[in-house]
Amino acid sequence: MVPRTLFDKIWDHHVVETLPDGTSILYIDRHLLHEVTSPQAFEGLRLAGRRLRHPEMTMAVVDHNVPTSDRTQPIEEPESRNQIETLERNVKEFGVPYFPLLSASQGIVHVVGPEQGISLPGMTIVCGDSHTSTHGAMGALAFGIGTSEVEHVMATQTILQRPAKNMRVTVEGQLAPGVSAKDVMLSIIGHIGTAGGTGYVIEFAGSAIRGLDMAGRMTICNMSIEAGARAGLVAPDDTTFDYVRNRPFAPKGEGFEHAVTFWRTLVTDEGAHFDKDVALRAEDIAPSLTWGTSPETVLPITGNVPDPAQEPDESKRAQMQRMLDYMGLEAGQKIAGTPVDVVFIGSCTNSRIEDLRAAAQVAAGRKVADGVRAMIVPGSGLVKRQAEEEGLDQIFLDAGFEWREAGCSMCLGMNPDKLTPGQRCASTSNRNFEGRQGPGGRTHLLSPAMAAAAAVTGCLTDARELV
Amino acid sequence: MEKFTTLSAVAAALPEDNIDTDKIIPARFLKTTQRTGLGKYAFDSMRYRPDGSENPDFILNREPWRKAEILVTYDNLGCGSSREHAPWALLDFGIRCVIAPSFADIFFNNCFKNGILPIALPRDVCDQLMSDSTMGSNARLTIDLPRQVVIRPDGEEVPFEIDPFRKHMLLEGLDDIGQTLQHDTEIKTFEQKVDGERPWMPTITLD
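Respectively, the protein sequence lines represent chains A and B. Residue 226 in our numbering is what sits at position 226 of the first sequence, and the numbering runs on without skipping anything. Residue 1003 in our numbering is what sits at position 3 of the second sequence, and the numbering runs on without skipping anything.
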């Protein structure tokens, strides 16, 4: 038999039929819904008189629009409220399992799926959100889809798809102290570029990846889309199985053992073909951050902002200059020491308990610098509760951080958590596009430890100096 | 979905790499529950000044490009979020065809679902089309989907590739769901097979 990659295996397990032109009808095991990209799809079903084929393979949660302040108060923003109420009507009408705003299990859809054991190894998982790639950390083929495709999955439990190409990114070696999964992924994106993975599914491999916990693997897979790849994958192993065991919706008892037997087959075969192979050495990766308005503009914290004059291509040079102007930075300046106004620790990239622990380690016994607003937005109600049981909330509150409710929050500024024009933010989120966190806002992407370091020093800082 | 056969229209050039979906439509305009009416938000941060007035320098605010139905850009158009609001906003603005050296995957897909034709052409060809577009209303580009060519104002024909299934769907204005449901028997057979092979596969039920 021809050796296959992990992607090939999951793909083969889910092909219902391949049409004469090469498009496949691919079966979907889990469909995750949120309030922003689903209303038009439900409306489409209704207009066509179609049913939701498998509500028991579907899950819904509100996250993008929700306020992260007191939840017992009514939602002030009428359009946000309408979207949330629309989702609530739709899940009721179509019988979709739903985690409502006031449920302790509510949270960011890409935190909730793995946390509940809804996302499992070997599955195909889709959601109308590009960061669905996160669930690839489970060893599942997970990718974001548009709303027309959401409607297609609702009606058919399948999607029309051509197989992606296979890319492997291998990170061998031992990460230096103070270097996190976020630094690894920013370095990978800096290396291959934001279109480097377009058309591919990326399998992350190598000892440095294997050594990451599930939260770290989720951070890596989450930002596959920032490297252009719709999906990222990490082969499931004992770290995965230990994580999945006893989750509310995971298989139980003997079923779990049968599942693990199957999941152990989900590895890339020796000699399988990758269309593209990229390797990084763990030792070369430093705490990193972005300086521009594209996630590929990555620098080590010890580095200097690049000089457009060094760029030979005219249009690229102009784009670099525009990024510097937008970001309020000078060519060649040291990035460390740049003052920040806001610190955001949260998002589907970095809002899990492990992320909050890393931030708390830096924040403990220190104070948020004068004039800096620092917010912690846990990924789910359960993450928040766990952090409170560990006393992390008190560390943050004592230091002067805001301790908020779960949601997407300032990652994309659909709720009231937004930057104002010109504000500079050290953010653990995934996109630094112009206006992403609020019109005119300036975003530096970095790890939770680096974000906490920026909060307590008031400027972009090498977190290694503080631990 | 509206059929796409041929289109002869004004083209506008946005000579930038990595035009992301936040730039096409910022997240704060995603609060609608409709697909229509998003054209007024397309390229918001480039099209309007902070006081809400039109930016007269932005290409889509100038004649004749205000009526552009074709957009030509550089690499990785539509990167970022999966929001279908991006093609909805373009479509509502009047854009039926986008041309770039490369596209982000999800955006590329989403275009087809809405009757927008994305055409990938080499960067130097995009440069030529951008140059054509500066001739304004005298510079209509013609997109002939059945023959798979872009016809430049001087009559030169530039061939392009398209997946045959997607071409068929665009030409006929077909919706994928109806097509897939014709394979309902195969889907059911697949479901029975998986139930037999992986009986431990849980379902999601909440009390």
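Worth flagging that the hints you see were computed from the coordinates, not collected in a lab. Do not rely on the hints blindly, as some may be mistaken.
As the list claims (entries may be wrong) - To spell it out: a stretch of chain A is covered by chain B in this simulated footprint if at least three of its residues, at any positions, have a beta carbon under 8 Å from a beta carbon of chain B; those stretches are:
1. 9–19
2. 54–63
3. 358–366
4. 459–465
Predicted model, so just to flag it, every value in this text is computed and none were measured. We put the beta carbon where it would ideally sit given N, CA and C, even for glycine.
Hint check:
1. 9–19: Answer holds; 3 residues pass the 8 Å Cβ test.
2. 54–63: Check passed, 4 qualifying residues.
3. 358–366: violated (count 0)
4. 459–465: violated (count 0)
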